[in-house]
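*Asks:* Sequence:
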Amino acid sequence: MSQDELQKFINLISRLPGIGQRSAQRIALYLIKNKQELMLPLGESIKETASVVKKCTNCGILDVIVPCKICSSENRSKTTICIVEDMADVWAFERSGYHKGLYHVIGGLLSASKNFTEQDLNLNKLKERIINNQVQEIILALSATIEGQTTALVIKDKLENQNIKITQLAYGVPVGSEIHYLDDNTLGAALESRKNLS
Numbered sequence: 000m001s002q003d004e005l006q007k008f009i010n011l012i013s014r015l016p017g018i019g020q021r022s023a024q025r026i027a028l029y030l031i032k033n034k035q036e037l038m039l040p041l042g043e044s045i046k047e048t049a050s051v052v053k054k055c056t057n058c059g060i061l062d063v064i065v066p067c068k069i070c071s072s073e074n075r076s077k078t079t080i081c082i083v084e085d086m087a088d089v090w091a092f093e094r095s096g097y098h099k100g101l102y103h104v105i106g107g108l109l110s111a112s113k114n115f116t117e118q119d120l121n122l123n124k125l126k127e128r129i130i131n132n133q134v135q136e137i138i139l140a141l142s143a144t145i146e147g148q149t150t151a152l153v154i155k156d157k158l159e160n161q162n163i164k165i166t167q168l169a170y171g172v173p174v175g176s177e178i179h180y181l182d183d184n185t186l187g188a189a190l191e192s193r194k195n196l197s
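At position 129 of the sequence shown the residue is numbered 128 (numbering that gives the first Met the number 0), and the sequence of numbers has no breaks.
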């Protein structure tokens with residue numbers, strides 16, 4: 000491996016999220032030192048994953064089959080669709096085991112700085128899915144950021160005439176946390192999202 004190839008390898012690693020140049024150098028050296036046990040199998044796995052993983056044409060979930068396992072499942076409620084930003088959000092919901100319906104991955108949040116516009120949102124198939132599955136509820140499960148809230152409002156406006164219930168995740172106090180450690184926005188959101196106990 001020439002110095003140019005090594006530098007190219009390091010530069011590619013540094014393009015991964017959360018990996019800077021120094022971390023990329025450490026990772027590259029570690030992989031090279033563990034060529035047989037890690038580097039070559041990792042390379043094969045990357046190549047294999049790139050060839051078999053596809054985006055579901057219904058919901059945008061990444062899977063090895065199309066439509067994905069969730070869209071194809073007879074055990075999922077077809078009347079509820081949870082709208083999420085990306086696959087990491089799907090994995091989080093699936094880990095929790097609480098959502099028994101379908102998903103719709105929009106692929107990002109509206110952001111002028113990232114040049115992500117309304118046209119970039121994966122919404123084309125959503126209205127068709129609402130009609131075909133006789134969807135009763137859309138859950139907007141987007142980040143509690145300005146971009147997330149703006150995106151939620153745009154989606155809500157686009158679905159206004161669909162005659163379905165549109166809900167949004169409640170925001171507030173994380174389970175197990177103490178009130179005095181919360182920031183003002185979290186405490187305010189918790190107060191606004193309070194529920195009746197009687």
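A hint or two may mislead.
[Stated by the list, open to error] Simulated pairs of lysine-lysine, DSS-like, Cα-Cα distance not exceeding 30 Å:
hint: 1; residue 1: Lys54; residue 2: Lys126
hint: 2; residue 1: Lys77; residue 2: Lys34
hint: 3; residue 1: Lys32; residue 2: Lys7
hint: 4; residue 1: Lys32; residue 2: Lys99
hint: 5; residue 1: Lys99; residue 2: Lys77
hint: 6; residue 1: Lys32; residue 2: Lys77
hint: 7; residue 1: Lys99; residue 2: Lys34
hint: 8; residue 1: Lys54; residue 2: Lys7
hint: 9; residue 1: Lys34; residue 2: Lys68
hint: 10; residue 1: Lys53; residue 2: Lys34
hint: 11; residue 1: Lys77; residue 2: Lys124
hint: 12; residue 1: Lys124; residue 2: Lys7
hint: 13; residue 1: Lys54; residue 2: Lys164
hint: 14; residue 1: Lys124; residue 2: Lys157
hint: 15; residue 1: Lys68; residue 2: Lys155
hint: 16; residue 1: Lys7; residue 2: Lys68
hint: 17; residue 1: Lys99; residue 2: Lys157
hint: 18; residue 1: Lys32; residue 2: Lys113
hint: 19; residue 1: Lys164; residue 2: Lys77
hint: 20; residue 1: Lys124; residue 2: Lys34
hint: 21; residue 1: Lys7; residue 2: Lys77
hint: 22; residue 1: Lys164; residue 2: Lys124
hint: 23; residue 1: Lys124; residue 2: Lys155
[Stated by the list, open to error] Here are the simulated distance ranges between beta carbons:
hint: 24; residue 1: Val65; residue 2: Gln161; range: 41 to 51 Å
hint: 25; residue 1: Lys77; residue 2: Pro173; range: 30 to 40 Å
hint: 26; residue 1: Thr149; residue 2: Glu127; range: 16 to 26 Å
hint: 27; residue 1: Tyr170; residue 2: Ser72; range: 49 to 59 Å
hint: 28; residue 1: Gly106; residue 2: Gly19; range: 45 to 55 Å
hint: 29; residue 1: Gly107; residue 2: Lys46; range: 20 to 30 Å
hint: 30; residue 1: Lys53; residue 2: Leu190; range: 21 to 31 Å
hint: 31; residue 1: Glu4; residue 2: Asn74; range: 31 to 41 Å
By construction, these hints were calculated from the structure, which means they are not laboratory data. Idealized CB from N, CA, C, for every residue including glycine.
*Asks:* Now, for every hint given, state plainly whether the structure supports it.
*Replies:* Hints versus structure:
no. : hint                          : verdict
1   : Lys54 <-> Lys126              : holds (18 Å)
2   : Lys77 <-> Lys34               : violated (46 Å)
3   : Lys32 <-> Lys7                : holds (17 Å)
4   : Lys32 <-> Lys99               : violated (45 Å)
5   : Lys99 <-> Lys77               : holds (9 Å)
6   : Lys32 <-> Lys77               : violated (49 Å)
7   : Lys99 <-> Lys34               : violated (42 Å)
8   : Lys54 <-> Lys7                : holds (29 Å)
9   : Lys34 <-> Lys68               : violated (34 Å)
10  : Lys53 <-> Lys34               : holds (28 Å)
11  : Lys77 <-> Lys124              : holds (15 Å)
12  : Lys124 <-> Lys7               : violated (39 Å)
13  : Lys54 <-> Lys164              : holds (27 Å)
14  : Lys124 <-> Lys157             : holds (13 Å)
15  : Lys68 <-> Lys155              : holds (27 Å)
16  : Lys7 <-> Lys68                : violated (37 Å)
17  : Lys99 <-> Lys157              : holds (24 Å)
18  : Lys32 <-> Lys113              : violated (37 Å)
19  : Lys164 <-> Lys77              : holds (14 Å)
20  : Lys124 <-> Lys34              : violated (44 Å)
21  : Lys7 <-> Lys77                : violated (46 Å)
22  : Lys164 <-> Lys124             : holds (18 Å)
23  : Lys124 <-> Lys155             : holds (15 Å)
24  : Val65 <-> Gln161: 41 to 51 Å  : violated (25 Å)
25  : Lys77 <-> Pro173: 30 to 40 Å  : holds (31 Å)
26  : Thr149 <-> Glu127: 16 to 26 Å : holds (24 Å)
27  : Tyr170 <-> Ser72: 49 to 59 Å  : violated (29 Å)
28  : Gly106 <-> Gly19: 45 to 55 Å  : violated (26 Å)
29  : Gly107 <-> Lys46: 20 to 30 Å  : holds (26 Å)
30  : Lys53 <-> Leu190: 21 to 31 Å  : violated (44 Å)
31  : Glu4 <-> Asn74: 31 to 41 Å    : violated (49 Å)
Violation of the numbered hints given earlier is confined to hints 2, 4, 6, 7, 9, 12, 16, 18, 20, 21, 24, 27, 28, 30, 31; the remaining hints are satisfied by the structure.
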